[in-house]
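Trainee: Residue numbers 1 to 86, in our numbering, belong to the letters of the sequence shown in order.
Now the in silico label distances, taken between C-beta atoms and shown as ranges: (1) A69 - V30: 46 to 56 angstroms; (2) D31 - T57: 50 to 60 angstroms; (3) L26 - I4: 28 to 38 angstroms; (4) G70 - L20: 50 to 60 angstroms; (5) L26 - E3: 30 to 40 angstroms; (6) I25 - G5: 23 to 33 angstroms.
Since the hints were derived computationally from the structure, they do not count as laboratory data.
All residues carry an ideal CB built from backbone N, CA and C; glycine is no exception.
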Amino acid sequence: MSEIGTGLFRATLLFGMLGLALALILAPAVDRGAGYLLAGDRPALDMMATGSIGSSTRYTVSRSVLQPAGAPPCIFYPGGPGGGRC
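Given only the sequences and the hints, what does the whole structure look like? Please build it.
Mentor: So this is what it looks like as structure tokens:
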């Protein structure tokens, strides 16, 4: 009876080790394949565009951490002070 128990214990260890080895080998492979499949659905180019409006007027926007929330920023133009709370 003890030989059957020992054999069953060895078989359990063997299949447990095989399952663990398969999990350690297959998990990264499946993860890499899933990332490749998801990447294939996206367009090759980034469709976000940024730009600026051409203007000859230069100004500096200044905001203080001491300003109350929602207060407009201070705007400085080259010729003098501008709008906002300065």
